[in-house]
Every structure is written in structure tokens, then in C-alpha cells.
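Visitor: Here are the chains, one letter per residue:
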Amino acid sequence: MPVDAPAVTLESRTFEAKARTQSPSRANTATLRAGPPIRQVALVVDPAQLRLAHYELTRRLAAESGACVTTIRGRSVARIGARG
Amino acid sequence: LLELERAVRRLPGARLTDRIDVRLLLLADCRPQDRPDLIIDLCGQQAASPSGRTVRVLYDGAPGETALLGALLAGRMPVIEIEEAEAGAILASGIPCADNASTILEAFECVLARVTTLLLSVVRNPTPRPAAGRSAHPVRMRSLAAFEAKAVAHSIVRRLYALCFHTPHWRTCWRFLDGPDLWQTRTLDGTAWNVIPDPGFRFYADPFPFVHQGRSCVFVEDWDHRRNKAVISVVPFGDAGPSGPAEPVLEEPWHLSYPFILAHDGEVWMIPESSANRGLTLYRADPFPTRWVPEAALLTDIEVSDATVVYRDGCFWMFAATRDGRGSWSDTLSIFHARDLRGPWQPHQGNPILVDQAAARPAGAVVERDGKLWRPVQDCRAGYGTGIGLAEITRLDHEGFAQKVHAVLRAPPDWPGRRLHTLNRAGRLECIDGAAYSPRSRALSRRVQTWSGRRELPASFASG
Chain F
1 MPVDAPAVTL ESRTFEAKAR TQSPSRANTA TLRAGPPIRQ VALVVDPAQL RLAHYELTRR
61 LAAESGACVT TIRGRSVARI GARG
Chain V
1 LLELERAVRR LPGARLTDRI DVRLLLLADC RPQDRPDLII DLCGQQAASP SGRTVRVLYD
61 GAPGETALLG ALLAGRMPVI EIEEAEAGAI LASGIPCADN ASTILEAFEC VLARVTTLLL
121 SVVRNPTPRP AAGRSAHPVR MRSLAAFEAK AVAHSIVRRL YALCFHTPHW RTCWRFLDGP
181 DLWQTRTLDG TAWNVIPDPG FRFYADPFPF VHQGRSCVFV EDWDHRRNKA VISVVPFGDA
241 GPSGPAEPVL EEPWHLSYPF ILAHDGEVWM IPESSANRGL TLYRADPFPT RWVPEAALLT
301 DIEVSDATVV YRDGCFWMFA ATRDGRGSWS DTLSIFHARD LRGPWQPHQG NPILVDQAAA
361 RPAGAVVERD GKLWRPVQDC RAGYGTGIGL AEITRLDHEG FAQKVHAVLR APPDWPGRRL
421 HTLNRAGRLE CIDGAAYSPR SRALSRRVQT WSGRRELPAS FASG
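Protein chains in written order, with the numbering used here: chain F, 1 to 84; chain V, 1 to 464.
The set of hints was computed from the structure by calculation and includes no laboratory data. Since this is a predicted model, take the numbers as computed values, not measurements. Glycine included, every Cβ here is placed at the ideal spot set by N, Cα and C. Do not take every clue at face value.
[As the list claims (entries may be wrong)] Among chain F residues calculated to face chain V with C-beta under 7 Å, some are:
| no. | residue |
| --- | --- |
| 1 | A27 |
| 2 | N28 |
| 3 | V41 |
| 4 | L43 |
| 5 | V45 |
| 6 | D46 |
| 7 | L50 |
| 8 | L52 |
| 9 | A53 |
| 10 | E56 |
| 11 | L57 |
| 12 | T58 |
| 13 | G66 |
| 14 | T71 |
| 15 | S76 |
Based on the provided sequences and hints, a complete structural model is requested.
Guide: Written out as C-alpha cells, the structure reads:
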């Protein structure tokens, strides 16, 4: 039988970098460890590329996580339609 | 481009892809003296971080919506990863599903919906994990044009099909087993399958066989094409197969399906899907199997599909597909747990536990083999109901969950219908459902039977 998707493994809960790996089998793992709550979130947004999805995200971030949400203006790395 | 597609394809309503003005966000600018705990870089530029940790969204390993569009035009859903930008650690990842999308815009929206899901999960629980390691596809105008031409052609074919056939139309197959079952053989081959006949304007899907006081029966979603709504019906079984027609046993003002059934505490219980009512209700048989009385509201104000309960280590565990905001109904797995079947049910603190179009949505009851739990899962990579994965649950507790998909069943060429949907067994009776052709007219029905030969409408058939 075909088993062709990458493995996804959660191991620790810190922000340290981890090497990118691939596994030949298809596995899904989720492990939780406690950490400090996130109270303030800043969104880097491109005002020229804003979508309703961004509005939904900010609304839910504030409502569901209780975090204070602010914005930082940026510019998108690539725009649809550019030569690839 | 997306706006052009929306206009041409006449897609109604507000869309996540709609452009908005920055003032609509109603957010204050982040001041230099602010020290956010988390910066979410939605531009992918990775540089604008005056302080705090920065995460960004990757599509197949590349930032920006161009990578997202490239994957969609290549005919696949991208792996979404939330990357801690400086170190490269992946804090959340998932593969969304677009089984309810027929355009690029709708598929785009399905992805954006799960980006929100994953970003919210990072805020709740930023846990690093390995990256998927895919490479992004470039976007070229030629591929855009080719994709749109193909999409328009598919749309026309779908509309013509819907004019001639009821769609979707499922059917329930069954067989009595004396030897190994599908969990052991991992194939549809072996003992011949039979079909529970339907009248054409109704179909039977999501079969849950059950043995009670020595008698077998199969509970099904009983969909009526004329009403566009389903009730739960029961098909009585004797030693030779169905011993009577399907009889409705549970109806609500909303659509019901996936009649998950279990025996517990001397009673028989049913937890049918009722996502159309944004809730989940526990029913008790009184008497079995013809009357079901609501006993408890297990979940409220949530779109939950295919709830499947298993008792393990002194706790009831419920696996269910949950729809987080918009997007697909089939790509997000949530787990709930309770000490008592009637509740209260608590969400697993890792919810959503999994975003994966190939392994999230339940496809039948959990089974125990050699002390290990296995769950059938819907593999929707090629569309809704196009495969069933057999997944071993390798971890299930309050801190974590792990599963490994060992095999994926797909409909072989001689299987009637292209799809597989729900797999269950009780006693000797094993059931699975699949899609079928159901012509709207008798003349067309005769033509289909002539054309398709043994592929369609046999009373009994063998696969392989």
C-alpha cells in the first residue's frame, strides 16, 4: 500500500531550532508541555496585500487567546503574478 | 486573478481572499517600546522584528502567497508550516483539505482558514516539530490559464452529471466473515461483498453494524434526494443478510448521519453526526432499535463531524472532525475526553490535534487488535471519501496523541463506485460504503446498467 507522506513529530516546547527531517512512514504525533502564556502579539502585515483572512485572524487572536494584538507594517516577499 | 475567477464563476458571499483596507483591522501600531511575546510575520520577510520571537507562514517550505498558489496550480494542497523565523523551528504544521472547493479561490480560502487554525494553535501551544521538507512550485501565467481552462471544463462536466444523476449517491456493502477481516487483510479482496439495495431516490451510507441480544442490524444514514436531508434508519439482518427494508428510527429537523453506536452500562447509545445543528447529542435506545431518546448534549456550538468514542484507561475518548471557522470539514481532528459518557466532555489541550487531509477525519469505530487501538481515517487527498487509511494509535493520553497510518485502501477498478467512506464491523458482519451511480430517470438507469455491466448494481460481487 502507498505510504507517501512525511512524518510530523512534536518533541519539546521551546523555540530552539531543530534540523529539518523527513521520515518514510506517515505518522502524526502531538505532545504538549507547559509554557509561558502569550499576552501580546504583533502582526507584520502588508497594507497593500491585506485579505479578509487577516481580519479573521486578528479578531480570533484577540477573542480566543486574550492577547493584545498590534500591527507592524511590512511588505510581502513575493506577489502573485511575478515571474517565477 | 482571484477576483476575476470569482466574477467569472459567480462565487457569492464574503471570502477570506477578499481584499480589505488596513483600517478594517482596527489595530494599533506596535510601538518601539512594546515588547510583543510573539510577532506573526504575514509578509514572510523575516526581518521586521523590533523585539520578541517571530514566526512566519510557509507553504511547501517557502513564504508568501505565490508559493501557496503554485501548489494549488500543481494540483495539490501545500504543507502549511508555522516557522520560528530565525532558528527555522517548525511550531505547527498541517496539510489542509479542499474537498469542498471547486475553484482555485475556494481552495485558496481553505488554506487560509487552516493558516488561521495553525497560528491560533501556535499562540496556545508553540511546540517545535520537524518540517515536511517539500519544495514550492513556481507560478507561471501559462499554468494559471491551463488550470482555469481545466477547472471550467470540470465544472461543466459536474453540472451535466448532476442533471443526469443524483449526486452524491452512496451505497452500503456488507459481508459475513468467518475468516480474517479487512483490518487483517488490508484489502477489499476476499469474501464477496453484497449491497443493501436502495430505491434510487434514497441512499444508505455510514453503516454501523450492531449485534444486540443475538440479533444483527445495521444503522445507516438514510438520505432522501427529494428532501436533501437524512435520517437514521436501521436495516434488520438475519442469517442470510437483510431481513427487511430500512426503517427510519431517528429524525431531527436537521441533517443526521454517521450513527456511531455503542453499548455501555447496560444500555445502547447512539451519537449521530448533527453538525448542521452545531452540536452533538447522546441518544439512548428505548426500546432498541426503533426508538431513541435524547439523553445529553455532549458538545454545543461547534461544527463536529463523525464523532467516534472509545473507552480506554478509565476514560472515554472522542475523536471528531471539527471545522474551525471556514474551510474543509475533513482536515481537522479534535479529541475530547470524559469520565462519564454523558459528560462533561473536555477538549484535549492540544486541540486541534491534527490538520491533515489524509488522516484526520474518522471513518468508523476504533478497533482493538492485540491490545493496540486502530482507527479508520478518511484519506481525502484525491477528494472527499476517496480512501480509507488504517491508522494505529500509538499514543493517547491527556498530554499527547500519536498515530501511524499503515495502509490506505482505495477503490479498485472492479469496485462499484470510486469511493470508500466508512468501515465498521460487529460480530461476523463487516460493512463498508462507497459511491454509486444513481440515474435520475429509468431510461438512463437501464443504459447505465447495460454500459457498466457487472460494475453496477449487482446483488453480490467480489473484488479482486
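Visitor: Does each hint fit the structure? Answer for all of them.
Guide: The hints, checked one at a time:
no.	hint	in the structure
1	A27	holds, 4 Å
2	N28	holds, 5 Å
3	V41	holds, 5 Å
4	L43	holds, 5 Å
5	V45	holds, 5 Å
6	D46	holds, 5 Å
7	L50	holds, 5 Å
8	L52	holds, 4 Å
9	A53	holds, 4 Å
10	E56	holds, 6 Å
11	L57	holds, 5 Å
12	T58	holds, 6 Å
13	G66	violated, 10 Å
14	T71	holds, 5 Å
15	S76	holds, 5 Å
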